[in-house]
Amino acid sequence: MTASVNDSATEATSMSIADLVQYRYDMLLAQMASEVYGLKPGLSERELYSTLQKGNSFQDPAHPEDDTARIGNQRFTDSQITDFKNTFTVVAVSSETSAAGDFAVLLQRIDGTGYVYAFRSTQPASQQYNEQKIGAYEQDSANNLQMSTYGVGLSQLDGFDRFIQKTAPLLNGQPAACAGGSLSGQQCLAITELHPEIFPADGRPNVIINPTGMAVFDDG
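Numbering (the numbering used here), first residue to last: 1 to 220.
Please keep in mind that the hints were generated in silico from the structure rather than gathered at the bench.
All values reported here derive from a predicted model rather than from experimental measurement.
We put the beta carbon where it would ideally sit given N, CA and C, even for glycine.
The reader is advised that the hints may include incorrect statements.
[To be verified] Using 25 Å as the maximum straight-line C-alpha spacing, the simulated DSS-like pairs for lysine-lysine come out as follows:
hint, residue 1, residue 2
1, LYS40, LYS85
2, LYS40, LYS54
3, LYS54, LYS166
4, LYS85, LYS54
[Unchecked claim] Pair by pair, the computed Cβ-Cβ distance ranges are:
hint, residue 1, residue 2, range
5, GLY42, THR82, 17 to 23 Å
6, ILE17, GLU45, 32 to 38 Å
7, SER79, GLY42, 21 to 27 Å
8, ASP66, ASP19, 32 to 38 Å
9, GLN53, LEU154, 21 to 27 Å
10, ALA168, VAL21, 28 to 34 Å
11, ALA201, LYS166, 39 to 45 Å
12, ALA201, ARG70, 37 to 43 Å
13, ALA168, ARG70, 32 to 38 Å
14, SER44, PRO200, 30 to 36 Å
15, LEU194, SER14, 24 to 30 Å
16, SER50, SER16, 41 to 47 Å
17, ASP202, ASP67, 43 to 49 Å
18, THR82, ALA168, 28 to 34 Å
My request is simple: use the sequences and hints to build the entire structure.
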């Protein structure tokens, strides 16, 4: 896994190496949180622990009676759960049933240094899981052909943009940074260009993880 930081941000250039490493780790936790199924504001400490521990896993349809038999690649460890709880408060989440795959979370830093928007990466699920309505099947219903041909990326960007416009008043004028992975990493960069009033160039840097390639357009 690679994590890139917008080092042109003024605050990034003034961070010590130790602070920058810690910052990247915090933002990785934020992006991991965007991948979690069932995350929402107001969860009790016990509910939050269980939700983060399960991550984006779901029950194995072959063993519906055993909740410990789960399918899914990303789950929080105990130490990551503790670090997340000590760093962030969940402020808002977007709809987890959007077919556009535009799930996002708004987190507030407990130390009062601002907010983080984290965008879920595109997660195409298999037809079997969609038919059995397993996991976030409504969102994860796009296959590779649909993602490349029918504008799923643009639908994601539109959904993220609408979520930011809806939740901007919750920031109370404080700055925000964003984190994204894969395709949502590039969506993160696009969002910062659309909303410089929320993501100031001299604010905290944005973090993108394993981003997809970037196209370059000219007038030629």
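Within 17 to 23 Å: is that where the Cβ-Cβ distance between GLY42 and THR82 falls?
holds (20 Å)
Holds or violated: the 32 to 38 Å window for the beta-carbon distance between ILE17 and GLU45?
For GLU45 against ILE17, whose Cβ atoms are near 33 Å apart, the range 32 to 38 Å holds.
Is the distance from the Cβ of SER79 to the Cβ of GLY42 consistent with 21 to 27 Å?
For SER79 and GLY42 the Cβ distance comes to about 24 Å; the hint holds.
Given a hint of 28 to 34 Å, does the C-beta separation of ALA168 and VAL21 actually sit inside it?
holds (30 Å)
CB-CB spacing for LEU154 and GLN53 relative to the 21 to 27 Å hint:
violated (34 Å)
Check the following: the C-beta atoms of SER44 and PRO200 are separated by a distance inside 30 to 36 Å.
This hint holds: roughly 35 Å between Cβ atoms.
ALA201 and ARG70, beta-carbon distance inside 37 to 43 Å?
holds (42 Å)
Check the hint pairing LYS54 with LYS166 against an upper bound of 25 Å on the C-alpha distance.
Status violated; Cα separation ~28 Å.
Given the hint of 39 to 45 Å, is the C-beta distance from ALA201 to LYS166 inside that range or not?
violated (24 Å)
Can you let me know if the beta-carbon spacing of THR82 and ALA168 is within 28 to 34 Å?
Check passed, 30 Å falls within 28 to 34 Å.
If you check the beta carbons of LEU194 and SER14, does the distance land in 24 to 30 Å?
The hint (24 to 30 Å, Cβ to Cβ) holds, given that LEU194 and SER14 are roughly 26 Å apart.
Is the gap between the beta carbons of SER50 and SER16 within 41 to 47 Å?
violated (36 Å)
Consistency with the previously given hints fails for numbers 3, 8, 9, 11 and 16, ordered from lowest to highest.
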